[in-house]
Amino acid sequence: MANITLKDIAHSYTGASDNPDDYALQKLNLTWRDGGAYALLGPSGCGKTTLLNIISGLLIPTKGQVLFNDDDITRLPTEQRNIAQIFQFPVIYDTMTVFQNLAFPLKNRGRTQAEIEPRVIELAKMLGLEKDLYTKAQHLTADAKQKISLGRGLIRQSVNAILFDEPLTVIDPQLKWELRSQLKYLHKQFGFTMIYVTHDQTEALTFADEVIVMYEGQIVQVGTPEALFQRPEHTFVGYFIGSPGMNIVPCVLQGNKVLIEGHEITLDCHYPEQAASAKIEVGVRPEYLSLAQPDKKGLPVKIIKVDDVGRHKIVRVALNDHLFHVVISEISAMTGDEASLVFDTAHTNIYVNDHLIAGEKP
Amino acid sequence: MQLELRNVCKKVGSEFHISDVSLTFESGTLNILLGPTLSGKTSLMRLMAGLDKPSSGTVHFSGQDVTGVPVQKRNAAMVYQQFINYPNLTVFENIASPLRIARVAAPEIKKRVAKVAELLKLKNMLKRSPQELSGGQQQRTALARALVKEADLVLLDEPLANLDYKLREELREELPRIFSETGSIFVYATTEPSEALLLGGNTASLHQGKVTQFGPTIGVFSRPQNLITAKTLSDPPLNTLPVTKLNNKMMFKSQVEIPILGRLPHLPDDDYTIAFRPHHLYLSPTSDQAIAVKAKVVVTEITGSESYVHIDIAGIRWVLLAPGIHNFDVHETIDIFMDPSKFYVFDSNDSLVVTPETVADV
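In the order they appear, the protein sequences are chains A and B. Residues 1 to 362 (the working numbering) make up the first sequence, in order. Residues 1 to 362 (the working numbering) make up the second sequence, in order.
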């Protein structure tokens, strides 16, 4: 059990260099406290797997140190780091029973049968595998196999951290719900430090207490799921989190007012004046937009498309060339394709050169 | 143009991979095959393409029996989960390759490649090699190659499964437009109910090689004719409760009494399954008909703006989706509320007997 600190870590696959463009991972500092549930979230190529490999010891970073508590383990090989890893595809022994698979990491470390048995049975119960304990793994379904993988990661009580690399990718949607909640439950029960790498925002947000969002080799925000949703600090976070993502459109900022294509909206906050060259955008989530009858207070928009996805409707509207997504439960009041787009100003953010700026409440 | 399967079976060894499937797809429509892994999606597509021959039953194209006709002699195109492109050819040549094989004249090739490249937003990528493209662009290239043939039948087998979440979202939004601009019959396999709902069109719900329902996607979602279809279309999963109706009482394990309201009085005494969606379970009563139940919290998952509370009611697992952030402790007992107007009821044969009272309650 340990706090994990990444100190001035940077990595270039082509070796040390002074050119920042050579770095797949730009310089970063992070501390993960013992027992936390963390997610590394970002698109392919954002550097999340590079970071995971640095923690697991598969990669030695070009720069910086990895600390477990105060011990520098930057150059320590994987097997001496006392971590468990769970991958996209189940890593299990097909010809062994579930019991033998779960017991394997303990047996390997010379534990006695008397120590192993109660632990294996306890864990199998938590994973819902107790009925299959003496079944060979090859006869089980994909999700049961992934549960065994999880179990092998959780079986040793002394691990410093458990690392997950896209563990639910090959699992069907309905079973994902079961495995995801089980994983979270096990985290609450055992209190291991867990680090979960994914490109799937739902998995990241539902699993983690704190999500690290990465983009082009950099950390763009570290925060709770709520913070990432309500106050994205970077336009990328706004776009990447939420489905559909945040609407981000260019605007002119004048104190507590914004002009979008010449239409004025009064905001809740007053914002400082920005440089003339600055890129200024307004960001609002589809959930915080609504549609009213045309000519009401709001932006005059044209309804392009309505998708009924069951629980709600996703409406695409256009204001000249700018497209907005609106999430609403009912659209029955609308006739024709004209509507007024109304902003919930308590949830409307301003971005300058892609970064969130704070305003002052009057 | 029309594709028709009549009582098609596919037997491999002693196992039925497809059993007695009859379906009719019209030209210019999108038809989704929805079901978990091994439910028969790929097997069915292979029969439609002519890659496999059915053990019994017939396949008809525009009224003509094509059952024994091999894939080479049918006008079909297929896109797989793994994007397959020729690495040593440019994007233009990748897209043009089926036309070159068919010995189409060069000016016609140029015209048709330009048209699909425009449709799939690849116009500026035509001179590049596939490795220089993002995953989304590579899959778009594979799609373009399928579309350029202007085949009568286009089969897409989980085409977005290997893409990042956000890329998937973008392509999903574009696909219905692409489908509607060509006159082909589209067949699209997916494991994800949310994907089916976003794409719209028609859906065939698959379970163990059988079609459990076929019709417009939103209709199959809102009026599932049987319990297995209801479950297949639901993500988050549907909550279910087995009950027994006897002498004007409806009981679950003689613990929870369900008041006999709405359309429930008309049901004869028997065993039933009540089903309802996670967002139709509440943390506070929503009407005077609300039914209060004590539940034990298993775990709470928080997304940015909502909470999924996983709960246990006398050994049955449900998910409650509530707006806002709610942090419950593991094993905490809470009061939850069901709304009988949102109930689906299935009889002892799992056939639908009661639907929610209004469409808005679906």
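Bear in mind the hints are in silico, worked out from the structure with no lab data behind them. Careful, some of the hints might be misleading.
Said to hold, decoys possible - Here are the simulated DMTMM-like pairs of lysine to aspartate or glutamate, each with C-alpha atoms no more than 25 Å apart in a straight line:
| # | chain 1 | residue 1 | chain 2 | residue 2 |
| --- | --- | --- | --- | --- |
| 1 | A | LYS188 | B | GLU332 |
| 2 | A | LYS313 | B | GLU173 |
| 3 | A | LYS131 | A | ASP200 |
| 4 | B | LYS121 | B | ASP65 |
| 5 | A | LYS188 | B | ASP164 |
Right, here's what the structure says about each hint:
Under the criterion of a C-alpha separation no larger than 25 Å, the hint pairing LYS188 (chain A) with GLU332 (chain B) is consistent with the structure, at around 13 Å. The straight-line distance between the Cα atoms of LYS313 (chain A) and GLU173 (chain B) is roughly 14 Å, inside the 25 Å bound, and the hint therefore holds. With a C-alpha separation of about 31 Å, the suggested pair LYS131 (chain A) and ASP200 (chain A) falls outside the 25 Å cut-off, and the hint is violated. The straight-line distance between the Cα atoms of LYS121 (chain B) and ASP65 (chain B) is roughly 37 Å, outside the 25 Å bound, and the hint therefore fails.
Using a Cα cut-off of 25 Å, the hinted pair LYS188 (chain A) and ASP164 (chain B) is violated, with the two alpha carbons roughly 29 Å apart.
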